[in-house]
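Colleague: Letter by letter, the chains look like this.
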Amino acid sequence: MTALRIFFIGGGISYRALFNWISPWHYIPTMLGGTLFVLLFFTYLGRYTDVEDESFFVVGNAVYISSISCVYGSIMAIANERFLGTLSPLLATPANRLALFAGRALPYIANGIVVSAYGFAMSWLLLDFDPPASSLGPLAIVVTAGVVSCTAFGMFLGSIGLRARDVFFIGNLAYYVLLLFTGANVPLDVLPGWMQTISSGLPLTHAITAAREVVAGAPFSSVAGLTGEELLVGTCYAVAAYALFRLFEIEARRRASLERV
Amino acid sequence: MIGVITPVVLATIAFYLFQSGGQSESLLYAALGAGLMGIWSTTLFGSGGAIQWQRWQGTLELLIAAPVPFIVVLVPLTLATAAYGLVSLVSTLVWGRVLFGIQLDLVHPILFVIAVPSAVIGLGLLGLLLASTFVLYRNANALSNLLGEPVWLITGMLVPISLLPGWVAPLSWVLAPTWGIRAIRDSALGGDPLPAILMCLGLGLLYMLIAALCLRHFERLARARATLALT
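Protein sequence lines, in the order shown, are assigned to chains L and U.
The opening residue of the first sequence carries number 0 in numbering that gives the first Met the number 0; numbering runs sequentially from there.
The opening residue of the second sequence carries number 0 in numbering that gives the first Met the number 0; numbering runs sequentially from there.
These aren't lab readings, by the way, just hints derived from the structure by calculation.
Model, not experiment: these values are computed from the prediction.
Glycine included, every Cβ here is placed at the ideal spot set by N, Cα and C.
Worth double-checking, as some hints may not be accurate.
Taking CB as the label site, the calculated pair distances span [stated by the list, open to error]:
hint : chain 1 : residue 1 : chain 2 : residue 2 : range
1    : U       : T58       : L       : T85       : 24 to 30 angstroms
2    : L       : E250      : U       : P169      : 57 to 63 angstroms
3    : U       : V71       : L       : A239      : 48 to 54 angstroms
4    : L       : G84       : U       : R219      : 36 to 42 angstroms
5    : L       : P191      : U       : S161      : 43 to 49 angstroms
Here's a subset of chain L near chain U, in silico, CB distances under 7 angstroms, partners left out [claimed, not checked]:
hint : residue
6    : Y43
7    : V50
8    : V185
9    : L187
10   : V189
Generate coordinates for the entire structure from the input sequences, incorporating the hints supplied.
Modeller: Below, the structure written as structure tokens:
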């Protein structure tokens, strides 16, 4: 029961505390304004190059833009505890570490879903994107799987941020690596073999492929495998993230380096 | 990161898309566009930061209180960040040459050498105009997050403006990056870059005049409202 409270309530409180500075003046330009123009830019680039149909770029980017919350937010959720000097009191508590760690992911998952849904809605409003109504349910499941997986990836990077000096460099790098490698804009079969191998181990890759199939009319059963692969990738990152978090916690306690920035 | 990795990733995406779309001859077009996108990103980051960092470090009030006009402090700052963005253009050209075999055969090499600094000046002074409004706006960094991609899109850096809705074209004409990329492309790929170079520099001058007026007005407002140091 306590672990559940830490998971839900603790996760919510940590989000409010770490992002106490966020206001509509920050949220709207960054999470909604910037992401919409990412989507529009690449969709128009897709129209111009005529590599695939418009839906390819709309779906790829509408799923991809969730990474602004999943990657940056999750990194800040972990690494900012150190930068703001609250890591020591946090780790001094006897709280269940798994609940404490995983609870932090929830607000970013919710935010990621909102951003992605917003991307799809704006595409329907502004572009020639009109998916069949029957695809919306499966699309929601696939997008949620992608967002969960990407958030796990962000938590993994955030755990590295407990040790690394410049965590925002890692975040920026990851954001653009996902843009190139996940097939959001460049069809995966166009990429060289070694890039495709990396793609298959990154979050969002399978979710984007599955989302495109679903929007094209495929039933969920035909993308269940891809959704499962997406969740498997996410699980691997989640396990690695938690292991790193615990490892760095133990090491930092031993070396008394928790607050070193 | 902003100067090298971002434009290189964008250029790579553009290279693959242009190649797959059977437009391999357009790779230099893409490299130049992605390079200028990088220059705009560094300009925007620097211009947004020019005021915000001073504010965070507590030096904004001192600079505004000093007898030297604040615009004299800001102009070199925004021009320097735009000039730093040149590393983006070099990166995308080298990347394209090494990995995608782009031929760097410039049609008007001398005009290219004039067009690039003209574009940098135009972009830097647009950055100055933005920075001048940030004196009053406390969430300048959030606004600069918003302005990256729209300018990429509506100034034709990778996507021709003719492909966008008709109402975008007049908007693009008042933005120096539109003329900057046109000047660079016309000098590199063929065409008459001189009108675009002149437009870029002329707009830059106009931005500087507007920025000077804005700064005077916003400085006075910020003093009156005592908001200069508020973060």
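Colleague: Can V185 (chain L) be said to touch chain U, with a Cβ gap under 7 angstroms?
Modeller: Holds, about 4 angstroms.
Colleague: Quick check on the hint: V50 (chain L) CB to chain U CB, less than 7 angstroms?
Modeller: holds, 5 angstroms
Colleague: Given a hinted range of 57 to 63 angstroms, is it respected by the beta-carbon distance of E250 (chain L) and P169 (chain U)?
Modeller: holds, 59 angstroms
Colleague: Using the nearest Cβ pair, does L187 (chain L) come within less than 7 angstroms of chain U?
Modeller: violated, 11 angstroms
Colleague: G84 (chain L) and R219 (chain U), beta-carbon distance inside 36 to 42 angstroms?
Modeller: holds, 38 angstroms
Colleague: Does V189 (chain L) meet its interface restraint, that is, does its C-beta lie within less than 7 angstroms of any C-beta in chain U?
Modeller: Since the shortest Cβ distance to chain U is 5 angstroms, the answer is holds.
Colleague: Would you say the C-beta atoms of V71 (chain U) and A239 (chain L) sit inside 48 to 54 angstroms of each other?
Modeller: At roughly 52 angstroms between Cβ atoms, A239 (chain L) and V71 (chain U) fall inside 48 to 54 angstroms, so the hint holds.
Colleague: Could you see if the CB distance from P191 (chain L) to S161 (chain U) stays within 43 to 49 angstroms?
Modeller: At roughly 33 angstroms between Cβ atoms, S161 (chain U) and P191 (chain L) fall outside 43 to 49 angstroms, so the hint is violated.
Colleague: Holds or violated: Y43 (chain L) as interface residue toward chain U, Cβ cutoff 7 angstroms?
Modeller: Nearest chain U Cβ about 5 angstroms off; hint holds.
Colleague: Between T58 (chain U) and T85 (chain L), does the C-beta distance stay in 24 to 30 angstroms?
Modeller: holds, 28 angstroms
Checked against the numbered hints listed earlier, the structure breaks hints 5 and 9; every other hint is satisfied.
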